[in-house]
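Taken in order, these protein sequences are the chains called A, B and C.
Residue numbers for the first sequence follow this note's numbering, so the first one is 1 and each next one is one higher.
Residue numbers for the second sequence follow this note's numbering, so the first one is 1001 and each next one is one higher.
Residue numbers for the third sequence follow this note's numbering, so the first one is 2001 and each next one is one higher.
None of these hints come from the bench; they were simulated from the model.
The beta carbon of each residue, even a glycine, is placed where N, CA and C say it ideally should be.
Any given hint might turn out to be false.
Claimed, not checked - Which chain A residues face chain C? A few, computed with CB under 7 Å, are given here:
#: 1; residue: Y81
#: 2; residue: D82
#: 3; residue: N234
#: 4; residue: V235
#: 5; residue: R237
#: 6; residue: V238
#: 7; residue: K240
#: 8; residue: L252
#: 9; residue: P253
Unchecked claim - As a list, the in silico PhoX-like pairs of lysine-lysine whose alpha-carbon atoms are at most 25 Å apart:
#: 10; chain 1: A; residue 1: K90; chain 2: A; residue 2: K122
#: 11; chain 1: B; residue 1: K1462; chain 2: A; residue 2: K90
#: 12; chain 1: B; residue 1: K1169; chain 2: B; residue 2: K1143
#: 13; chain 1: B; residue 1: K1143; chain 2: B; residue 2: K1286
#: 14; chain 1: A; residue 1: K200; chain 2: B; residue 2: K1270
#: 15; chain 1: B; residue 1: K1286; chain 2: B; residue 2: K1270
#: 16; chain 1: B; residue 1: K1044; chain 2: A; residue 2: K108
#: 17; chain 1: A; residue 1: K245; chain 2: C; residue 2: K2112
#: 18; chain 1: A; residue 1: K66; chain 2: B; residue 2: K1345
#: 19; chain 1: B; residue 1: K1462; chain 2: A; residue 2: K115
#: 20; chain 1: A; residue 1: K100; chain 2: A; residue 2: K115
#: 21; chain 1: A; residue 1: K240; chain 2: C; residue 2: K2257
#: 22; chain 1: C; residue 1: K2257; chain 2: C; residue 2: K2030
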Amino acid sequence: MSEASTVGQVESSKQPLLSLLNDLVGKTGFTPKSVFQTFVLPLIGVCAFLLIWSAAAQKIDTSLGKFPGPAVVWEQFGSLYDEHVTEREKAEAFYERQEKRNAARMEKDPDYIPKTRAYTGKETFLDQIGTSLVTVMSGFLLAAMVAIPLGIAIGLNKTLSAAVNPVIQIFKPVSPLAWLPLVTMVVSAVYVSPDPLVAKSFLNSMITVMLCCLWPMVINTSVGVSSLDNDLVNVSRVLKLSAIKHVQKIVLPASVPMIFTGMRLSLGVAWMVLIAAEMLAQNPGLGKFVWDEFQNGSSNSLARIMVAVIVIGVIGFGLDRTMLSIQRYASWDKSKSSH
Amino acid sequence: MKWLKPLREKSKRTVTQLGKAVAMTAMVGATTYSSAEELGYPEKEELTIGFIKLTDMAPIAIAYEKGFFEDEGLYVTIEAQANWKVLLDGVIDGRLDGAHMLAGQPLAATMGFGTKANIITPFSMDLNGNGITVSNEIWAQMKPNIPKMADGRPQHPIKADALKPVVEKYLSEGKPFNMGMVFPVSTHNYELRYWLAAGGIHPGFYAPHKGDTSGHIDADALLSVTPPPQMPSTMEAGTIYGYCVGEPWNQQAVFKNIGVPVVTDYEIWKNNPEKVFGVTEAFYEKYPNTTIRLTRALIRAAQWLDANENGNRPEAVEILSQSNYVGADYEVIANSMTGTFEYEKGDKRPVEDFNVFFRYFATYPYYSDAIWYLTQMRRWGQISEDKSDDWYKELAAKVYRPDIYAKAALSLIEEDLTMSEFFPDFETEDGFREPQTHFIDNLVYNGKKPNDYINQFNIGLKEGDRI
Amino acid sequence: MSTLLDISHIDMVFETPKGPFTALQGVDLKIAEGEFVSLIGHSGCGKSTVLNIVAGLLQATSGGVILNGKEVSEPGPERAVVFQNHSLLPWLTAYQNVELAVKQVFGRTKSKSEIKEWIEYNLQLVHMDHAMHKRPDEISGGMKQRVGIARALAMQPEILLMDEPFGALDALTRAHMQDSLMEIQQELNNTVIMITHDVDEAVLLSDRIVMMSNGPAATVGEILEINLERPRGRLELAQDPEYTRLRSEVLKFLYEKQRKVESLIKNKDSTVSKRSQQNVAA
């Protein structure tokens, strides 16, 4: 390591970026070694990846042309953003036209109550990112609202646990994608409303995400609860804590590390499953974007899919890190919350 | 231009009028709603319309992009669907208000073949537009069997006779000859079957009463369902040797260098009706004004697509190549949309009428068009029992709704947004086209006598047959 | 002296997969108010079981426990327990741990400021006022045990039950804790039952030492009165012949009369008590 860090320093005098990092050392108290490990090594890794990628891309010929290298993909990042801006301009024009139309109708038909309808144009890449994020978070939170109380009940009650366990064990390994057709049919049968609050497709994706989050959360919570230290149970008994207080003051805090581990696990899986579900069910979101681009088969399609792949990865990483920070903040047991 | 003849015969001024009408549309467009009193405002204004990524969805894209929907006070969201089944389910369960459909879909649904639901069609979306493509490997084996023209290029139309020895060779080697079509009741299924059967290749029977919906009974070529946009990649993967699909997925095979389109449906049956616009019967009953206004917007879009001697097509192609519509490259879509069709790489031939959206009364929902699909369903066993000629006519009249179309068209004529020359005489039209010729096997189709028509085929069920 | 706690004819039989196991048989013991009683015996002799029955954490198979004229049927704060491994809630600070107990016991009778005062008083008593707001993982083992004692004391129990409170501590810390405990006892004069393995500890702290015979079917073997004068000083007693005699009495009981044949390396009787608690829970 000491050898490696001197290499880092030597290079740093040559390259502006590295000398900038060297400045960081002075200001933030990072040692040169830690700077090397936290910044320089990952940077080298990314650069190496980009080089291998662009070299390999040159060699791969698909029926849609060469596999996109980093430069082409970067270009598509820009063009997707431009499309987003253009679409927003179109949306504004749409609202203006609508306003005029409403006003004109008001003149003819004074009883008419003007209504502003949402823009009907296409969802841009950025919109799709937003949709996927909202879907995954709402499915995840919904699952948490069901799974944590259920997990606590199962963890506390051996009878319930014995009764529910086989069901959980059987459903746990089922890919939520297998549920998707059933969810779709049930939602369309049950969720009938002339003016629905949320779209059915959103509900389908969200329930699929929820089903996927449910089991790891239930299992982790119940394990966390049932592995509660007997001495702590005895403390609670000696103090004669009521059932509610027992859960609130002893069980819940004691299980927080396990609950968060379960939540983090399920969020990671949920993100992956959501993308697949969106592809499969054509529900709005990043998955649909990927699938649409694949189906379009235009000369830009592969590069655009690659953009989506990178974005999906970055968001997945971001979600995991966010969960980890929340977990670290909320959990008393620091030993279990490191990754 | 060949396609203009029938119009010219009616009125020498038609072409210029068509141009004028479109120009007027653009000017009057903003104030259309003012004259909509008789028709009434739409009951439902926010609509979602589904489509499959195919160039023949163009009327929907154009109606949106050119503001024809908005002129009707309709705020339409257009959504690509994964496959025809998802699309149909979407319309049935109300996720979609209406959709670009295969002509066979509303008929089959109303009849109860597959999902049962009453779906109606007030608007026929186009004529022609499909092709049959085989992989390079099959093409190499077919090519020696095809007569050549003086310049050495294959003589068209290429018949399935050229494919027959290839299929026989595969069968004798014990290899199933797999081909793709897009849906059991799709135009493509019937066209592929028609072409194969005309060349003596048996495409197989269905027997839904025995629970067999694979359509493989007695088959020489095994046909299976693949969503249109996945056709090229499925063939590239070797799962199927050929397919019948709409554009741009035949041209895509040429561009990707993975296959050769051998025949267009224009050559199988000149000016065959193709996609329709479908809504549920319940939707129409609940929202009659909305349905009529949708039809108005689509008629205007179709008119725009064929106006100025296809002069708007390049702009249409530009729109269709957007990723939210068809999304394929401009060149690929333009290849078929602008009056040409590329067969073998470099063998580009003019087919002015490959995509017809408006001329030849293309958008009028003829009962006889519906009945042709029903005859093919009967021919291949999807309708397992004999039906009377009246049954065919009644079912066609339940699904195809020229009455809605007429209301839409007449109101447009009244507002000078189109002209009566472009439509059949609504007073006298009975919904049956004159007996049609121009089939690849030279048979004649008379929609008034479906059972007589079925009895003409060499391969296929005839009156009295049952699997 | 009046009897505060009466343990009479306790039998304890555990159901095990190999059939019933009699842990205790005919345990009788009376404890007077203000008395400090140690239970000593080999591992597995059922000391903890006795304590758990008194605490109400276990139910005797037959016989019963009467505290202040009332039969014990469930756990309660009037019989506060100091657990062997402190059993502090790891997510709460020392103050909050004590607070949980105080609020539970005095939440209705004391005002907010009184509660605060009372918590601080008890933490001062165990010399933990300087680290009140630290969490268990931030303080040493001895400090944790001090907080555990403060928590028990803060409940103002009628009897204080201590299950090998200093067993897990090193010798020096243990000596400190014993001195502290004597100091507190001097001040509060609580009634205490303490389980211990440590002969010196038992003699140093107790008014009486109850020596238990080996299990199965363990029971009270001998009872030794410790009439050493209080306050007791560890150094002075080391020279005291009476102390030496008492000490050897206990040793004799343990290593001659009740010599344990099994290996002594085996774990403390906590395994037995854990198993028994699981049985109860099941």
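We went through each hint and held it up to the structure:
Given the 7 Å rule on beta carbons, the hint for Y81 (chain A) is violated: about 46 Å separates it from the nearest Cβ of chain C. Given the 7 Å rule on beta carbons, the hint for D82 (chain A) is violated: about 51 Å separates it from the nearest Cβ of chain C. The closest approach between the C-beta of N234 (chain A) and any C-beta of chain C is roughly 6 Å, which is under the 7 Å cut-off, so the hint is satisfied. This hint holds: V235 (chain A) has a C-beta 5 Å from the nearest C-beta of chain C, less than the 7 Å allowed.
The closest approach between the C-beta of R237 (chain A) and any C-beta of chain C is roughly 4 Å, which is under the 7 Å cut-off, so the hint is satisfied. Annotation: V238 (chain A) was flagged as interfacial toward chain C, and the flag holds, the nearest CB pair being 5 Å apart, inside 7 Å. Interface hint at K240 (chain A): satisfied, since its Cβ lies 6 Å from the closest Cβ of chain C, which is below the 7 Å cut-off. The closest approach between the C-beta of L252 (chain A) and any C-beta of chain C is roughly 10 Å, which is over the 7 Å cut-off, so the hint fails.
Annotation: P253 (chain A) was flagged as interfacial toward chain C, and the flag holds, the nearest CB pair being 5 Å apart, inside 7 Å. For the proposed pair K90 (chain A) and K122 (chain A), the alpha carbon gap of about 10 Å is at most 25 Å, so the pair holds. Straight-line distance between C-alpha atoms of K1462 (chain B) and K90 (chain A) comes to about 56 Å, which puts the hinted pair past the 25 Å bound. The straight-line distance between the Cα atoms of K1169 (chain B) and K1143 (chain B) is roughly 15 Å, inside the 25 Å bound, and the hint therefore holds.
About 55 Å separates the Cα atoms of K1143 (chain B) and K1286 (chain B), which puts this hinted pair outside 25 Å; it is violated. Between the alpha carbons of K200 (chain A) and K1270 (chain B) the distance comes to roughly 41 Å, so the proposed pair goes past 25 Å and is violated. A distance of roughly 37 Å separates the Cα atoms of K1286 (chain B) and K1270 (chain B); the hinted pair therefore is violated under the 25 Å criterion. Between the alpha carbons of K1044 (chain B) and K108 (chain A) the distance comes to roughly 19 Å, so the proposed pair stays at or under 25 Å and holds.
Straight-line distance between C-alpha atoms of K245 (chain A) and K2112 (chain C) comes to about 19 Å, which keeps the hinted pair within the 25 Å bound. Proximity of K66 (chain A) to K1345 (chain B) is assessed by CA-CA distance (about 20 Å); at most 25 Å being required, the pair is judged to hold. The hinted pair formed by K1462 (chain B) and K115 (chain A) fails the criterion: a straight-line CA distance of about 57 Å is larger than 25 Å. Straight-line distance between C-alpha atoms of K100 (chain A) and K115 (chain A) comes to about 12 Å, which keeps the hinted pair within the 25 Å bound.
Among the hinted pairs, K240 (chain A) with K2257 (chain C) is inconsistent with the structure: their alpha-carbon atoms are about 41 Å apart, more than 25 Å. Between K2257 (chain C) and K2030 (chain C), the direct Cα distance comes to roughly 23 Å. Compliance with the 25 Å bound is thereby established for this hinted pair.
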